[in-house]
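Sequences and hints are given; from them, build the entire structure.
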Amino acid sequence: MIVAGTNSAIKNTSYKVVLPFYGYAALSFLIATILILTNTTAFTQHYFNPPTLAITHTMALGWGTMIILGASHQLFPVMIEGKLHSNLLAYLSFVFAAIGIPLLVFAFYEFNMGVVAMIGAILINLSVISYLANLWLSIYHSKSRNVHAVFAFTSVLYLFMTTLLGLLLVWNFSTNVLSQSSIDFLSLHAHLGIIGWFLLMIIGVGSRLIPMFLISKYENQKRLWLVYVLINLGLISFIIMFFLSVKVELYFIPIVLIGLSVILFGNHIYWSYTKRIRKKVDEQVKISILSVALTIVPVIVLIAIIIMFATVSSSQLVMLYGFTIFFGWITTIILGMTFKTLPFIVWNRVYSRIAGLGKTPNPKELFNNKIFIMNGVVYLVGFIIFGLGIVLTNVLLLNIGAVFLLITAVLYNFNVFKILFHKAKLNEYKNK
Amino acid sequence: MNIKTNNPEKNELAITALYEVMDPEIDLNIVDLGLVYETDFKEESNDVIVIMTLTTRFCPMGESIVESATQAMQQSFPEDKIQVKLSFEPPWDQSMISEAGQSFLNT
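Residue numbers (the working numbering), protein chains in the order written: chain A, 1 to 432; chain B, 433 to 539.
It should be emphasised that the hints constitute simulated quantities derived from the structure, not laboratory data. Certain hints may be false.
Unchecked claim - Which stretches of chain A does chain B cover? Using the computed rule of at least three CB atoms under 8 Å from a CB of chain B, they are:
no. : stretch
1   : 70 to 84
2   : 265 to 279
Unchecked claim - Here are the simulated DSBU-like cross-link-like pairs (lysine-lysine), alpha carbons at most 35 Å apart as the crow flies:
no. : chain 1 : residue 1 : chain 2 : residue 2
3   : B       : 513       : A       : 423
4   : A       : 359       : B       : 436
5   : A       : 16        : B       : 517
6   : A       : 425       : B       : 517
Using N, Cα and C, we set each Cβ at its ideal position, and we do this for glycine too.
In structure tokens:
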């Protein structure tokens, strides 16, 4: 029996690195919903308008990306079975993004694509480079190579391509550095981020964590590799078609490839769920599984867009497509997984040194479960009403939906900051 | 449950202590979860070594589980020097969960 004499396999990423990402993401979600409520009419116009650009980047960078960066700094060691290389690089990644994102969002909101936007975009790229270097060095020093780590690392490469193209697009507004207008590159920029970054990362992490939380006997690495190949083929074919300016109907090829990968991943999660040992599934995991199902919604909307574009251009469907991605799929998985990861990180910080000295609260007791469930219900109502408001270009529905989304963000922030500011309650529990 | 030991009598006491140590995520004790592999009682040096595993390497809850196991053992063997060491050979899998653990997770 080989014994790890120094117990090196329990040295985790410092909580000081991880927690700021969670707090920042929660506040970004709140700001995004306030921006939505104060700019609902922007959702009845063409999608390329300043408030929509500002909201999209708050959601994509401040909300989705920041929380994934935070959680992955904590979870990447589990995936690669090795330590995170550097806490300093993780700090740098946070600081660069934390300054860069509001600069870029402000510039979009004011639609002043000058120095402020450039500085914001450069800082965001520095953040991604720090993250990429950290992950690469962590993998390099780890002995384990597996499909989950490959998913995660490839996704960060696509994130870098997305932010680098984003920087060029910002620059292109003032100086002609690209062959065409920045607006022409939007779909490429968006899909590198949505498919390359979010989809690959979420499948990479989700395929490791969801079966782990379910204690599932199901394992199918071959299927996950197939999903990986299909997504990359889909995205690369999309990039080639974009530069060749092919007929719009040909875009069905990447959609079918990526749609197939989503169905296969959904099937993977279904079998993990069916073959689980742990019969009682908590709400956080249920919401995460719901988000897997929601992945197919943007694919369906995209197919509708292609069909509509063949006949008539529909800006509202494009708006709905973006909404179902950022407020549907990505938000759902974050609403679930936050409360499956953050309480444990904080619990470990507060109780690991005094564990065993008395009865401690369960990590699930660090947040208010009733508010968590209410959060889920309010969110679903808001998501459906706002989505209908976009399709029907109805400002009243958009306003009602926006209020529900804002309440969702407030409830979410309440629980997140309740966890972040949790203090040890050992004595209280000791006396029970 | 198949825990290797060189002292069955003291091992009983150790297992009783380790039953109190929970995996906070699964809410099941580490004995029924199958995380405890071996107890080694060194009479001449008063060292007690517990060899255990985690459900995954770099488990985010690993530090607190090891600390809890150390504290629980120290309370049962106050005169001895406790060392809790990790082993990932063999790696943990679901078949290591005891019947009682399986039954708990099935409800």
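Are residue 513 of chain B and residue 423 of chain A close enough, with their CA atoms no more than 35 Å apart? holds, 31 Å
Tell me if chain B covers the stretch 265 to 279 of chain A under the three-residue, 8 Å CB rule, please? Our answer is that it holds, as 3 residues pass the Cβ test (under 8 Å) against chain B, meeting three.
Given the hinted pair residue 16 of chain A and residue 517 of chain B, is their alpha-carbon gap at most 35 Å? holds, 26 Å
Please verify the coverage claim for the stretch 70 to 84 of chain A: does it have three or more residues whose C-beta sits within 8 Å of some C-beta in chain B? As far as the stretch 70 to 84 of chain A goes, the hint holds, because 7 residues have Cβ atoms under 8 Å from chain B.
Distance restraint between residue 425 of chain A and residue 517 of chain B, which requires alpha-carbon spacing of 35 Å or less: holds, 28 Å
Holds or violated: residue 359 of chain A and residue 436 of chain B, Cα atoms, limit 35 Å. Holds - the C-alpha atoms of residue 436 of chain B and residue 359 of chain A are around 29 Å apart, at most 35 Å.
In summary, this structure violates none of the numbered hints.
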